[in-house]
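Here the protein sequences come in this chain order: A and B. Our numbering puts the first sequence at residues 1 to 326. Our numbering puts the second sequence at residues 1 to 570.
Treat the hints as calculated values from the structure; they're not laboratory data. Computed from a prediction, not measured in an experiment: that's the story for all the values here. Note that beta-carbon positions come from the ideal geometry of N, C-alpha and C, so glycine has one too. There's no promise every hint is true.
[Unchecked claim] On the chain B side, residues computed to face chain A include the following (Cβ under 10 Å):
id	residue
1	L57
2	E60
3	G99
4	S144
5	F375
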Amino acid sequence: MSQQPAPPPPYRPYRQVRTATPHSRAVSCVRFSPCGRVLATASLDGTIALLSPSSLAVIAVLRGHTDGVSDLSWSTDSFYLCSASDDRTIRIWDIRSVLAGGAQADPGADRCVRVLRGHTNFVFTANFNPQTSSQIASGGFDCTVRIWDAKSGRCARTIDAHSEPVTSVHFIRDGSIIVSGSHDGSCKIWDAKTGACLKTVIDDKKPAVSFAMFSPNGKFILVAALDDSLKLCNFATGKFLKVYGGHVNRVYCIQSAFSVTNGKYIVSGSEDNCVYIWDLQGRNILQKLEGHTDTVISVSCHPTENKIASGGLDNDKTLRLWVQDS
Amino acid sequence: MNAPIVDPYQGEFPETIEEYLHHGTMKCIAFNRTGTLLAAGCSNGSCVIWDFETRGLAREFCDKDCTAPITSVSWSKYGHRLLASATDKSLTLWDVSTGEKIARITLQQTPLRASLQPGSPTPSICLACPLSSAPLLVDLNTGSTTVLPVSVSENGNPPAPNPRNKFADGTPPFTPTAATFDKHGDLIYVGNSKGEILIVDSKSIQVHAVILIPGGTVVKDIVLSRDGQYLLTNSNDRVIRVYKNILPVKSSREEIRNISTNCNDYASHYDKLKANGASCLILSCELSDAISKIQWKAPCFSGNGEWILGASANKGEHRLQIWNQAGRLVKILEGPKEALIDLAWHPVEPTIVTVSVTGYVYIWAKEHVENWSAFAPDFVELEENEEYVEREDEFDLNPREEMAEELEIDENAYVDIETYEKNAMFSDVEDSVAEITFLPAIPSPDAPDEQPEKCLGSSSKLEDSNHSGSPSSMDAVQNGQTIPPASSPMEVDNSTAEDPAEGPNSKRKRRLSVKGLEMQQSEKGKKPGTKNKSNGKSTKFSAKQMESANGNSSAFDDEATEDDEVNIDC
């Protein structure tokens, strides 16, 4: 902490303000839209719910997947949402009418504009290219990373990326490279254009890499492994800069998040039913949010407000909204 | 941003056709400033924009008024506007983000080339080079035109005050005259039929300097490098000449005015202009094909200005030559047997895009070589065997060095996860202007008959698979022409059922690269009809391609001659 330019403001705790149960089974993913006006949640019941980020009222339900949905990603303009499902497809949903009409939008309308077929097993993760939003990267249990042209729905590239299921793919902010993590314990960086492997950041057989994402500025990656660890890594050198611990993560691919709207935090779910908030620089646990009654599988931070959404697995099924006191 | 892990020495030249784009019949192309979008003008009067990252069609601009073949396309500096010139003598300005037509102007003559003034983000002035008159500055808002001077009389008189009088002063009929803006649009370089480069002030339309080109033949093209440091001319004497621009890139107009007003003790005005010219451009090298002495087509600089690219203007030849700044030939690229009509070098990447008379756009890129050490972080690739020298403590139980390494990382060090640097490659971007680098994709709805599992397979397999078939064969199928007998029904199925989702007429295909091209080279001497069964599909591909090219040759040749004659002599 001594090198930090300005002392951090005193930590103001988050508290639970809302809870909702939009799905009949476990919540698998929660994602605020980049515009901050919609919260999307995915569930093992195969549906996707669009909710108001303040009241958690359901605005629309997206039906179409025939099996559980594991991951969601918004296009940068918040116009489209893509979902990765165990039915081996990725679907692209048009959210424009929801953004335009707000609560008046027809909740049951079929908003699916495209089905991306090609994965030969469960699709576990999908991510929009933040620059063009015409490109989607996906990964799944067929151990491949695929790059799709969102406009035509064509699979532009298939990369035999890993030897075990791919747990996460994430584009860097300029869309030039992709990070992927896998159950084979490795974390690799790919050239989004050519599909070439540029770097193997982690090359261990164990533990499985359950989650990997770029930092907001694209200089670091946040990597979670199934040995209760969450690390900030300089992907150019492969060195771990910060290690965040104290939570439990042995089984599930828990999605973490960077919180940058107030202080700089790392937020993650945990298998002890809590949401953990660490200080980015100091690595100390700032807060444990208690309330869920099962593993917290996914968290998302609102793009502009000091708000965290979290979702719990089957014994809980709830979506919870946490707000920082002002 | 990804700079630390991208190998900077990954090579400078494209090597092979990586992919081709197909949408209607494309005639001319232009990259936007950052190379993320590629605009193309089509023979049906429409303009298309390709997302060069995904190689997908991003936009199509068409209008009931625009039906004549496009002769050139030009981007405004930050990609907000696209100007298209067409054979119906029109200039059309499109708003890139909305797809609306902003202006349409009809000139007296067909503009062969039109470029927007590079200085302004939303330019209204463009430079048009018509078929048979002097270059014009056209105000797209008002439609007013200003004719640029194309010659300076040598008898010592100053140039005619009103350049419009040029038509009457007994000069020979105008040939198409090449002209280009300088980097910021302050000056215009005009290459005339006498083999002179005139430097004209874009505001006062005054000739400031003259540079005589050795040989003194008609200048067909005049092109500035992306950074504005170099200028090249393509003359009718089959030589490309590269000039170093010694005027400052910024405030070049002030500088040249200073030069012009400085000394006045010359025998004639013309001598003075020549003297001025000597302090503007310096000839740095001459490029030509010493053996076959071919005419050049559409020469240009690479994005970094280090290489010069020229294409053979011969019919039925798709051949590119790359020289370095010292004038040494460094690479020859040979493509399909189709004449080349336009080309562009990507602003930052070692990628070249060429347009063939068939209307296909070919993308030439570096061959992707797998960097195996990327897969194993502890491994280093060696060029040759090396003797391994064991470290002193290598087999110690407690190696000292590793312990030292562990200590290197200070977990308390401050990390910044938010700030990022702008790409240094494009340092001239003004922050106030929001550049359009990508067009938001609108996913087109699923086609009802879409086949499931439509995936092109793994990338490595794609490289040598010729699943995509030959573009020409597809062309033939699409034009409703009979399929050459050499093609098997299976292949036809392949090409028609290629990708129903992409829309009826736009295609983007990965081509067989090395193998296919090699095969094609080896097939060159053979008659189109011959087919070597043992070589399998690749042979079929090239044989078929030649055949269909031959089958359509009359139509293509007509097009080619039309273009060629315009640019070579008239």
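To see whether the hints hold, each was checked on the structure:
A hinted interface residue such as L57 of chain B counts as satisfied when its beta carbon comes closer than 10 Å to some beta carbon of chain A; here the least separation is about 7 Å, so the hint holds. This hint is violated: E60 of chain B has a C-beta 12 Å from the nearest C-beta of chain A, more than the 10 Å allowed. This hint is violated: G99 of chain B has a C-beta 15 Å from the nearest C-beta of chain A, more than the 10 Å allowed. Annotation: S144 of chain B was flagged as interfacial toward chain A, and the flag is violated, the nearest CB pair being 39 Å apart, outside 10 Å.
With a least beta-carbon distance of about 5 Å to chain A, the hint placing F375 of chain B at the interface is held under the 10 Å criterion.
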